[in-house]
Amino acid sequence: MTAATESVRAAFARATEVGAGRSALNILLYADQNGALERAAELDRAPTGGALEGRPVVLKDNIATLSLPTTCGSRILEGYVSPFEATATRRLRDAGAVVIGKSNMDEFAMGSSTENSAFGPTRNPLAPDRVPGGSSGGSAAAVASGIARIALGSETGGSVRQPAAFCGIVGVKPTYGRVSRYGLVAFASSLDQIGVFGQRVDDAAACLGVIAGADLLDSTCAPEPVPDYRAASRDGVRGLVIGRPVEYFPAELDGRIREKCDAAFARLAGLGAEVRDVSLPHSRLAIEVYYIIAPAEASSNLARFDGARYGLRIEGDGLRGMYEATRSRGFGAEVTRRILLGTYVLSAGYYDAYYRKAQQVRALIARDFQQVFASGVDLLFTPTTPTTAFPIGSKSDPYEMYLSDVFTCTANLAGVPAMSQPIGRIDGLPVGGQFIAPHFAERRMFAAAYALEAALGEEAGR
Amino acid sequence: MAVTLDDVRHIASLARLAVSDDRAQTLVAELNTILAHMDVLSSVDTTAVDAASTGERAAPLREDVGPQIPLARPREDFAPRMADGFFLVPRLSTHEDAESS
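Going down the list, the sequences are from chains A and B. With this note's numbering as the guide, the letters of the first sequence map in order to residues 1 to 462. With this note's numbering as the guide, the letters of the second sequence map in order to residues 1 to 101.
So here's chain A without its partners, still in its complex pose:
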């Protein structure tokens, strides 16, 4: 037994130790120990020299794989195994990574707590009575509990950064178009992007470097060259202008979270960065815009789940009866709510007032970012979330849950990259700080993240 096999065995041993199965933390929906060990043995016999050689990786359950089910945390896809794999999955395997399992998630990525999974909630490994965040809560919990150092999630409004913040790890949402969406089950196509989790900044940088880059199978995947993100560890922040957007530090923000961010700003300034107050005035409207555009796109994308070609089928009265029976039994409450909300805002008489208006305000939100970055600001730094991880079952009002995304969904609406990293703890629970960068400036974002991680050291609360 050598390196890859040892790593994979250790990952499964850790999964057993922490209780990653459905009866405990409910982190992994599907695991393939035999397949992973066979792949590891192959790598040990014939190393590929890939950037992620022998490293165990966990994938969110909405990223297509050939050897494991892809069910999006939904009954409507229970048992479905994709006949093709995602480009990101293939690139990870080509780089020598070993897929060990698929992680739990809010159904079709609709949620901020992983409580909306049809297969039960995931528990936060740091505080099992609390949520890990969502929708990529299973992947975040897999990394936070030490099962794997890297995992993939997906972002539509903060579904990687928010759980990263709640679980005390690093989470990156790349620029829209940086990573192929081929094989990522669509939620809201103008916002969706595969993101990465890492125990440390370097893990996330290595993983993003592997999956990023042009792909003929996704026309929205950009041809921009992919820099060496790990080399950003040498770049530092000296001379960078880091903006402090006032809208992300409202008067009602938890004072303890504000203090952690202020401490991070002080560290960055101590390393030679200039901290400058800036304004992104339309960010105040981001939640309202997001929760019109995302459900509108979802109502269209999820029309494909109709019982005809794959997934669940429930027979009904004729074709229409089958559609209604299948979709009503297959989708959970939050997915149903968002499909109906999206259908409503797109319907005749309401399109202009809601959907068209939201698209216009989205353009204003994006313009704010363009203007701030054009004014000489290199990066922005904000809290990732307005709270730390909340108790399971504590948020029953859908809109209250939507507010979890208040600091994250702007980056999705503007298409810019952003990442969360731990910056301390409050009452034992992690606090995340968020860097936001201009389009395709992930290397600059990683440079600041590496520098802040090193400067904070134990203070980050790992």
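Be aware that a few hints might be false.
[To be verified] Listed below are several chain A residues computed to face chain B (Cβ distance under 8 Å; list not exhaustive):
#1 80
#2 120
#3 299
#4 324
#5 336
#6 344
#7 348
#8 354
#9 359
#10 363
#11 392
Hints listed in this document are in silico derivations from the structure and should not be mistaken for laboratory results. Where a beta carbon is used, it is the ideal one built from N, C-alpha and C, also for glycine.
Starting from the structure of chain A, add chain B where the hints point.
Frame of chain A; chain B shown alone:
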């Protein structure tokens, strides 16, 4: 623009979702609560904003071609029902079905 019970039934029909009467009542309240927050957008001046604007990083156009991806398993492995290479579905609506829907 309050959502009514009839609105919920209409959009559920458009979305091909069967919603019970109890659930429909709950959805009326939930959607109205959510949409009340959205009304703030009506106060934003967007007269000079192009809703179709995709900004400086618009998706590039390319030829509508791409590599063919062979399926790793046949459709019969994941289709609910198939015959002779076709997906089987219940009979299509007749005029009577359409009138009753």
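Cross-check of the supplied hints:
no.	hint	result
1	80	holds (6 Å)
2	120	violated (22 Å)
3	299	holds (6 Å)
4	324	holds (4 Å)
5	336	holds (6 Å)
6	344	holds (5 Å)
7	348	violated (10 Å)
8	354	holds (6 Å)
9	359	holds (4 Å)
10	363	holds (5 Å)
11	392	violated (21 Å)
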